[in-house]
Every structure is written in C-alpha cells, then in structure tokens.
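Colleague: All chains, full assembly: derive it from the sequences and hints.
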Amino acid sequence: MLDTAGAEMQVVNKSEKAISLEADTTVVLTSDAGQEAYSELLTINFDGLSKAVKNGDTIFINQYMFTGSETTSIWLEVSEVKGDDVVCVIKNSATLVGSLFTLYGSQIRISLPTLTDKDKEVISTWAVQNKIDFLSLSYTRDIEDVLQAHEFLSNLSDLYQTQIFAKIENIEGLNHFDEILQEADGIILSRVNLGIDLPPEKVFLFQKATLYKCNMAGKPTVVTHVVDSMTDNLRPTRAEATDIANAILDGSDVILLGAETLRGLYPVETISTVGKICSEAEKVFNQDMFFKKTVKYVGEPMTHLESIVSSAVRAIIKVKASVIICFTSSGRAARLIMKYKPTMSVLSVVIPRLKTNQLKWSFNGVFEARQSLIVRGLFPMLADPRHPAESTSASNESVLKVALDHGKAAGVIKSHDQVVIC
Numbered sequence: 001m002l003d004t005a006g007a008e009m010q011v012v013n014k015s016e017k018a019i020s021l022e023a024d025t026t027v028v029l030t031s032d033a034g035q036e037a038y039s040e041l042l043t044i045n046f047d048g049l050s051k052a053v054k055n056g057d058t059i060f061i062n063q064y065m066f067t068g069s070e071t072t073s074i075w076l077e078v079s080e081v082k083g084d085d086v087v088c089v090i091k092n093s094a095t096l097v098g099s100l101f102t103l104y105g106s107q108i109r110i111s112l113p114t115l116t117d118k119d120k121e122v123i124s125t126w127a128v129q130n131k132i133d134f135l136s137l138s139y140t141r142d143i144e145d146v147l148q149a150h151e152f153l154s155n156l157s158d159l160y161q162t163q164i165f166a167k168i169e170n171i172e173g174l175n176h177f178d179e180i181l182q183e184a185d186g187i188i189l190s191r192v193n194l195g196i197d198l199p200p201e202k203v204f205l206f207q208k209a210t211l212y213k214c215n216m217a218g219k220p221t222v223v224t225h226v227v228d229s230m231t232d233n234l235r236p237t238r239a240e241a242t243d244i245a246n247a248i249l250d251g252s253d254v255i256l257l258g259a260e261t262l263r264g265l266y267p268v269e270t271i272s273t274v275g276k277i278c279s280e281a282e283k284v285f286n287q288d289m290f291f292k293k294t295v296k297y298v299g300e301p302m303t304h305l306e307s308i309v310s311s312a313v314r315a316i317i318k319v320k321a322s323v324i325i326c327f328t329s330s331g332r333a334a335r336l337i338m339k340y341k342p343t344m345s346v347l348s349v350v351i352p353r354l355k356t357n358q359l360k361w362s363f364n365g366v367f368e369a370r371q372s373l374i375v376r377g378l379f380p381m382l383a384d385p386r387h388p389a390e391s392t393s394a395s396n397e398s399v400l401k402v403a404l405d406h407g408k409a410a411g412v413i414k415s416h417d418q419v420v421i422c
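In this text, residue positions in the sequence shown follow full-length UniProt numbering: the first is 1, and each later residue adds one.
Hints are computed from structural coordinates only; laboratory data are not their basis.
In this text, a Cβ means the ideal position worked out from N, Cα and C, and glycines have one as well.
Accuracy of the hints is not assured; some may be wrong.
Said to hold, decoys possible - Here are the computed lysine-lysine pairs in the DSBU-like style, where the Cα-Cα straight-line distance is at most 35 Å:
#1 Lys-118 - Lys-14
#2 Lys-51 - Lys-14
#3 Lys-208 - Lys-131
#4 Lys-219 - Lys-118
#5 Lys-320 - Lys-414
#6 Lys-276 - Lys-355
Said to hold, decoys possible - The calculated label-pair distances, taken between Cβ atoms and stated as ranges, are:
#7 Gly-299 - Gly-98: 50 to 56 Å
#8 Gly-98 - Glu-151: 34 to 40 Å
#9 Ser-15 - Arg-263: 52 to 58 Å
#10 Ala-409 - Glu-179: 21 to 27 Å
Modeller: Right, here's the structure in full:
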C-alpha cells in the first residue's frame, strides 16, 4: 500500500535546529520560503493559509497531536491575519525537533488537490515499479477525488488493478462519506485528524456509523491510531485495549499501526499485543446476529452471487464447519462471503485467467490474490494456471486437493474438520 501525501501542509525547518515554543506567547506562520524558522516565526509550504483561516480557528502542528499535552506537538489558535501571514497564540509549550512537521487546521478547507503533482510523480515511478496493490488516498473529500485517482491509475501499466482506499481525515470527507463509499474499494478512518475536527463525545459515533456502512456495503475498513501510548510504553492503557476490541466487534478488517512501529520503542511488542487483543475480540464476535442483520439489510431479491454466498455462510453455521473454500477468478465471491463476517476462516482459491494482447499473453490473478489479504479472515491462494480453464471433474478435484493441502500446511484446516465448498 502506498500512502499519498495529499493536501498536506507542512512547517519547514531548514536548519533542523530544535524550536522551543512557549504557551501563551505568539508565533507567526508565513509562506515566505526565504525566512528561517525560529520560536517566533514558522515557515510553511502553503501560501493560501491566510485566505483559509479566520480568528479563533484551531491549528495543530505535528502528526500525533491528540490531547494538547504532548511535548512534541503544538496547539495554536489564530488571533490575527496579516496579509499572507497568520498570527497565532500558542496554547501549549512544546519543542519541535526535525526538518518537516505536519500542519493541520481543524475544519479548514485548503485549496490543494487531493492527488498532488508530487503524489503523481511517486505513483508513476515507484508505484509502477513495485506494482502496488493498494493506494491510500489521503484527505479524500468527495467522490470526485476517488474518480480522478481511478482515472489516473487506469493509464499506468498494471496499476489499473490497484484498489483505492479512501482515507477519511476531515469533516468534509465525513459529510460526503456515502458517495465516497460507493466508488472507493475500501475505507481508512484516520482518527487522529477526525479527532481534531470532531468533538471528543462524537468520535465513537462516527466510527460506529462508518464501520456499519462499510460492513453493509462489503467494503474493507482500516482503523488507525489505537495504541499511541505504546510508542514509549511497553503496555497499552486499558482504554486503548478496549478501543481495539471494540473496533473488531464493530467489524473493522484492519488495525493500522503508525508511530508505535515507525519510531516507537517497542514495535514488536506492540504488534504482538494488538494481535492478541484482536484474537480475543474475534472469539466473542456475535456472528449469528451480524449475519441476520446483514441479510435483512440486503433485502430481497438478492443478486445471484449474493444469494449463493449468503447460503454458503448459512450452511457453514448450520454444520459448524471450520473453513469455507471459495473458488474465484476475480476474488469478488470470496470478499462477498466476508461481508457476512463468518467467524471461521475462508480460503480464497484464485483461478488465474489468460489475458492476450496480440502476440503478448499473461495470466491475471496475482493482484486479486494479494488484495484478499486485507480482508479480515480471508486467506488467498493462487491456483496453478496449468490446470485447464474448462470446468472438468478431474481438474476441479485436483485444484481442491491442492487447496486442502495448502489449508492444512497453513494451519487453517485440521484433520476431521467440516469444510464447505463454494
């Protein structure tokens, strides 16, 4: 997954000297690149800030600002706009160390494109070379942002297959959430910025509402910023542990770690701890209630494929099977099964398809198999393309045997397990 920079403003500290800022003093934000940053003046990389803010607006500097108590993040309040400069009152004492710092204005719309020229350059080079599976589209504001990103990727070699995950980071993206969800392949809830834009008492509500909508649409979801305290501590707080479990119980597919593993002191312990909490939460997930709720939401008449996969999930519940093996060419059927959140594993066997272009030929399926990894409980397997494309008894039995052996080797299937084939 490649994460775009998007419409991100930054404070630039060319000297890289530490900048100490004191509470209740003032600091000027300027777009004059010739100025050197120091405690009373900070240089930013965007010349339109003065036109976007007004007195009383809130601005945060540095990426992990949550509570106003961090010693490496700054909380500012706009007190005056002077031409192209913005004068702010500093609300907390802190020290900025480094060369670049993220600047974020609460509920402030800035005139920067969601997919910047720099983003396009990186995608056209690094992303093409590495055939990325997912693009995290930062600061997604509306459906047009997603459509433009899809159009850009469609003209770049194999990246027409790349899935776009819309990163919801501000109130504007939240207001257009329903239309964004229609076009995006998945959703990332960037709770650090949304936690700034929204009152604290509303944060739980937006998370539950957006996760519910994603679940009903069958779109995978990613939740960020869950154990920030483990950046410096070996154990999470009780609130963080509960937060992770609730995200899983609400239907989230992925927990995305940031500072904890990027610059934290305990990256391995963090991954282990979060994994254990997720595992325990999955054990008490009420799949029966979720299944009934999803079927009711889908309503009738169902599509042919939805009818098949919902019946497969119903069958696995009835016979108490341990695994579903799903044969698919696009991965869609397997992802649709996971829409019903079965508590058992689903082995997605992706059948490669022959793609021809005059004298050139290749097999599709690799992207589809890898992209299944982001879906909770889905284990992909790429079938051998040498098997005949025609549906014959011999070839089906051969692929099924390979799938069963693969499941056993991966520990997904054990002897005497009940298995449902879809």
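Colleague: Next, verify each hint and record whether it holds.
Modeller: Here is what the structure says about each hint:
1. Lys-118 - Lys-14: 20 Å, holds
2. Lys-51 - Lys-14: Answer holds: Lys-51 to Lys-14 is near 25 Å, not above 35 Å.
3. Lys-208 - Lys-131: It holds: about 33 Å lies between the C-alpha atoms, which stays within 35 Å.
4. Lys-219 - Lys-118: Within the cut-off at roughly 28 Å; holds.
5. Lys-320 - Lys-414: Holds. Lys-320 to Lys-414 sits at ~14 Å (cutoff 35 Å).
6. Lys-276 - Lys-355: Violated - the C-alpha atoms of Lys-355 and Lys-276 are around 42 Å apart, more than 35 Å.
7. Gly-299 - Gly-98: 50 to 56 Å: Given a distance of about 53 Å, which is inside 50 to 56 Å, the answer is holds.
8. Gly-98 - Glu-151: 34 to 40 Å: 35 Å, holds
9. Ser-15 - Arg-263: 52 to 58 Å: Violated: the Cβ-Cβ distance is about 21 Å, outside 52 to 58 Å.
10. Ala-409 - Glu-179: 21 to 27 Å: 43 Å, violated
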